[in-house]
Amino acid sequence: MVNRVITGAHYGFGSWLAQRVTACAMAIYSVLFVIMLIAIRPGDYEAWHGMFVPVWMRLATILFWLSLCYHAWVGVRDIIMDYIKPTAARLVAHGLVIFALIGLAAWSVQILWRA
Amino acid sequence: MKIRIQRYDPDHDAKPYMKEYDVQLEPSDRMLLDALVRVKEMDDSFSFRRSCREGVCGSDAMNINGKNGLACVTKVADLKEPVELRPLPGLPVIRDLYVDMSQFFKQYHSIKPYLINNDPAPQLERLQSPEDRAELDGLYECILCACCSTSCPSFWWNPDKFVGPAGLLQAYRFIADTRDQATEARLDDLEDPYRLFRCHTIMNCVDVCPKSLNPTKAIGKIKDLMLKRVV
Amino acid sequence: MHIAHADMLHHTISALYFSARSVWVCCPDAVHHAPDGASQSKKVQHDSPHMADNNSRPKRYAPWYNVSPGNLPLPGLVSIFHRISGLGLFVMLWLLLWLFDRSMVSAEGYDWARSVLSGGFVKLVMTGLLWAFLHHFCAGIRFLLLDMHVGIELAPARRSSVVVFVVSLLLTLILGAALVW
Numbered sequence: 001m002v003n004r005v006i007t008g009a010h011y012g013f014g015s016w017l018a019q020r021v022t023a024c025a026m027a028i029y030s031v032l033f034v035i036m037l038i039a040i041r042p043g044d045y046e047a048w049h050g051m052f053v054p055v056w057m058r059l060a061t062i063l064f065w066l067s068l069c070y071h072a073w074v075g076v077r078d079i080i081m082d083y084i085k086p087t088a089a090r091l092v093a094h095g096l097v098i099f100a101l102i103g104l105a106a107w108s109v110q111i112l113w114r115a
Numbered sequence: 001m002k003i004r005i006q007r008y009d010p011d012h013d014a015k016p017y018m019k020e021y022d023v024q025l026e027p028s029d030r031m032l033l034d035a036l037v038r039v040k041e042m043d044d045s046f047s048f049r050r051s052c053r054e055g056v057c058g059s060d061a062m063n064i065n066g067k068n069g070l071a072c073v074t075k076v077a078d079l080k081e082p083v084e085l086r087p088l089p090g091l092p093v094i095r096d097l098y099v100d101m102s103q104f105f106k107q108y109h110s111i112k113p114y115l116i117n118n119d120p121a122p123q124l125e126r127l128q129s130p131e132d133r134a135e136l137d138g139l140y141e142c143i144l145c146a147c148c149s150t151s152c153p154s155f156w157w158n159p160d161k162f163v164g165p166a167g168l169l170q171a172y173r174f175i176a177d178t179r180d181q182a183t184e185a186r187l188d189d190l191e192d193p194y195r196l197f198r199c200h201t202i203m204n205c206v207d208v209c210p211k212s213l214n215p216t217k218a219i220g221k222i223k224d225l226m227l228k229r230v231v
Numbered sequence: 001m002h003i004a005h006a007d008m009l010h011h012t013i014s015a016l017y018f019s020a021r022s023v024w025v026c027c028p029d030a031v032h033h034a035p036d037g038a039s040q041s042k043k044v045q046h047d048s049p050h051m052a053d054n055n056s057r058p059k060r061y062a063p064w065y066n067v068s069p070g071n072l073p074l075p076g077l078v079s080i081f082h083r084i085s086g087l088g089l090f091v092m093l094w095l096l097l098w099l100f101d102r103s104m105v106s107a108e109g110y111d112w113a114r115s116v117l118s119g120g121f122v123k124l125v126m127t128g129l130l131w132a133f134l135h136h137f138c139a140g141i142r143f144l145l146l147d148m149h150v151g152i153e154l155a156p157a158r159r160s161s162v163v164v165f166v167v168s169l170l171l172t173l174i175l176g177a178a179l180v181w
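Protein chains in written order, with my numbering: chain A, 1 to 115; chain B, 1 to 231; chain C, 1 to 181.
In isolation and in its complexed conformation, chain A is listed as follows:
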C-alpha cells in the first residue's frame, strides 16, 4: 500500500458546530466579565476573590473554561491537520493537546472550587 489517500471519517459537522456554540458562550462571558471588571474595579484580594464567590459566577466561569478547552481542541486540531503530515506525529500531537486541555479543565475546576 503506497501512499493511498484515505478520507471518509464521516465526522466534522459536530466539531464545526461545537466550535461555534462554544465561541458564542465565550463571547457573552467575555463581554460580561469585562463590564464587571470595569464596574467593580477589584483593587484588592477580597474584591477580586469576592467576584468568584457567587455560585452563578463560578458556574459561568467554569463553563467559559470548558468551552475554551473544546474550542481550542477543534482549532488546534485544524492547525495540526494542516502542518503536521506524518500520521504518527499527528497522532502524538493530538494526544498531547487533548491531555493538556483536560489538565487545563481540571485545574480551572480546582481553582474555582478550592475552599
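Everything labelled a hint here was simulated from the structure, so no lab data went into it. Cβ coordinates follow ideal geometry from the N, Cα and C atoms, glycine included. Incorrect hints may appear among the rest.
With a straight-line Cα cutoff of 30 Å, these simulated BS3-like cross-link-like pairs (lysine-lysine) come out [as the list claims (entries may be wrong)]:
1) K80/B with K106/B
2) K85/A with K67/B
3) K80/B with K112/B
4) K228/B with K112/B
5) K19/B with K85/A
6) K217/B with K85/A
7) K59/C with K19/B
8) K85/A with K59/C
9) K112/B with K85/A
10) K85/A with K223/B
11) K106/B with K123/C
12) K211/B with K221/B
13) K15/B with K67/B
14) K67/B with K59/C
15) K15/B with K59/C
16) K15/B with K85/A
17) K40/B with K59/C
18) K19/B with K40/B
Distance windows between CB atoms, simulated [claimed, not checked]:
19) A106/A with L179/C: 22 to 30 Å
20) L37/A with E81/B: 49 to 57 Å
21) A18/A with L115/B: 54 to 62 Å
22) V67/C with E81/B: 32 to 40 Å
23) E41/B with L87/C: 45 to 53 Å
On the provided structure of chain A, position chains B and C as indicated by the hints.
Just chains B and C now, kept in the frame of chain A:
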C-alpha cells in the same frame, strides 16, 4: 511593457527562474493574453495554456502580480509593471506556466459532478420550475479554471483530501438541483473533517474567481443543509 | 435561459474544456495519478535535475505557495491572524491560568500576581495577548456572521475585514489603557 515570467524547462533547468521581457504592444493588444502572444513571438520556448481567449475555456489561468486570474480577461492597462507571471500556486509545474492539474480534477470528479436520478428518463427532458432552475444560478457558470482552488490555503496544505472551492461549488450545484436524487449520499460524502470542513471561510476563492462566483457561499449552504438534517 | 439549454451549454463547455486540455497536455499525464500531492512533488523536486530518460512520465517541479502577506486579500489576512492569535492564546493559556490560580489562593498570591503584572515586559506581553484575544473575538464574530450568510459577498467581506482590524486595534488601545497599564 515589462513582463517577468517564471520559466522552467525540465530538460535544462534544475529549478524555475524569472525571466524579463520587454514587449512592444500594438494598439489592439488590450488583454494580458495578447501580450503573452507577443512574448511567444519573441521567444518561442515560452509555454502557456490558452484556448478560447475569451474567458470561457479557463485554460489560461495563472498567477498575475500575486493574484490568480485569466490572462484573456485581464486588461493590460490595469496591471502594475513589471507584470509578474507565475504558474498557479499549489500545483506541480510541468513547464513554464503549465501546471499538472490532475489533483484538481481528481477532487472535482470525487463529488460525482453529474445528475444522479434513478427515475426512468422521460420522453424529452426532466423539467424544473423557473424557481428551481434559479437555484443553479451562480453555480453552473463555473469553468473549472482552478483559480479559486489554487488560491485556497486549505487546498495547498491538503490537495489530496480537501475537495477545494471549485469542487465544493460543483457539489452544491448538484445538491441544489431538484432533478438530483442523491442529496443524502452527497451530504454523507462531504461530512468529513477533510473533504468539506477544511474550509475556514478564508474567502480567497471569492476574491479571485474570474466569473465572480462565490464558492464560500455555496459551502455555507452545504453546511446549512447538514445543520438542518441534525436539528 | 431555458433549463435544459443552460445545462447542455455547461456540459458542452466542459467537454470543450477537457478536449482543450488533452490536446495541450502531453499524453502520459492522463495515466499519471498523484496519490499525495505534497510528498510526491517533494520527491520530484529532488529527482528532477538528474532524472534519467528511462522515466517516461514528464518531470514536475514542486508547487510554489503564494504565502507572502502582501499577496493575501484582506479577508485572507483576517483569517491567518485568526489562526495565529488563536495559537498564541492557546500557548499562553497555562501562564494565564497560573496567574489566575495564584491570585485566587490568598492575599499574598494576589499581591504577587499584581507585582508580576506590573512589570514593563509583562505588560507588553499582556497587551499582545489582549490584542490577540480581541482580534480573535472580532474575527470570530465576523466568521459567525459569514456562517449565517451575512456579508458573504466580496465587497462586504472586504469591508468587514477592515472593520475587524480597526475595531480590534481600537479596543486593544482602550481596554489596554483601562486594564493593563
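To see whether the hints hold, each was checked on the structure:
Annotation: proposed proximity of K80/B to K106/B is violated, straight-line Cα distance about 35 Å (limit 30 Å). For the suggested pair K85/A and K67/B, the alpha carbons sit about 27 Å apart, so the restraint of at most 30 Å is met. Between the alpha carbons of K80/B and K112/B the distance comes to roughly 40 Å, so the proposed pair goes past 30 Å and is violated. Annotation: proposed proximity of K228/B to K112/B holds, straight-line Cα distance about 23 Å (limit 30 Å).
Between the alpha carbons of K19/B and K85/A the distance comes to roughly 34 Å, so the proposed pair goes past 30 Å and is violated. Proposed proximity of K217/B and K85/A is supported: the alpha carbons are some 29 Å apart, at most 30 Å. Taken as a hint, the K59/C and K19/B pair is honoured in the structure, with Cα atoms around 21 Å apart against an allowance of 30 Å. Between K85/A and K59/C the CA atoms are separated by roughly 24 Å; this keeps the pair inside 30 Å, and the hint holds.
With a C-alpha separation of about 27 Å, the suggested pair K112/B and K85/A falls inside the 30 Å cut-off, and the hint holds. Among the hinted pairs, K85/A with K223/B is consistent with the structure: their alpha-carbon atoms are about 26 Å apart, no more than 30 Å. Our distance criterion of 30 Å between C-alpha atoms is broken by K106/B and K123/C, whose separation comes to about 51 Å. At most 30 Å may separate the alpha-carbon atoms for a hinted pair to count; K211/B and K221/B meet this at roughly 19 Å.
Under the criterion of a C-alpha separation no larger than 30 Å, the hint pairing K15/B with K67/B is consistent with the structure, at around 22 Å. Taking the CA atoms of K67/B and K59/C, the gap is near 26 Å; set against the 30 Å cutoff, the hint holds. For the given pair, K15/B sits about 11 Å from K59/C by alpha-carbon distance, which is consistent with the 30 Å threshold. In summary, the hint linking K15/B to K85/A is supported, as the alpha carbons are separated by about 25 Å, within the 30 Å threshold.
The hinted pair formed by K40/B and K59/C meets the criterion: a straight-line CA distance of about 22 Å does not exceed 30 Å. For the proposed pair K19/B and K40/B, the alpha carbon gap of about 13 Å is at most 30 Å, so the pair holds. Taking 22 to 30 Å as the suggested C-beta distance range, the pair A106/A and L179/C conforms, at roughly 28 Å. Remark: the range hint 49 to 57 Å for L37/A to E81/B is upheld by a beta-carbon distance near 54 Å.
For A18/A paired with L115/B, a C-beta distance near 34 Å fails the hint of 54 to 62 Å. Between V67/C and E81/B, the C-beta spacing of about 24 Å breaks the proposed range 32 to 40 Å. For the pair E41/B and L87/C, the supplied restraint of 45 to 53 Å holds, since their beta-carbon distance comes to about 50 Å.
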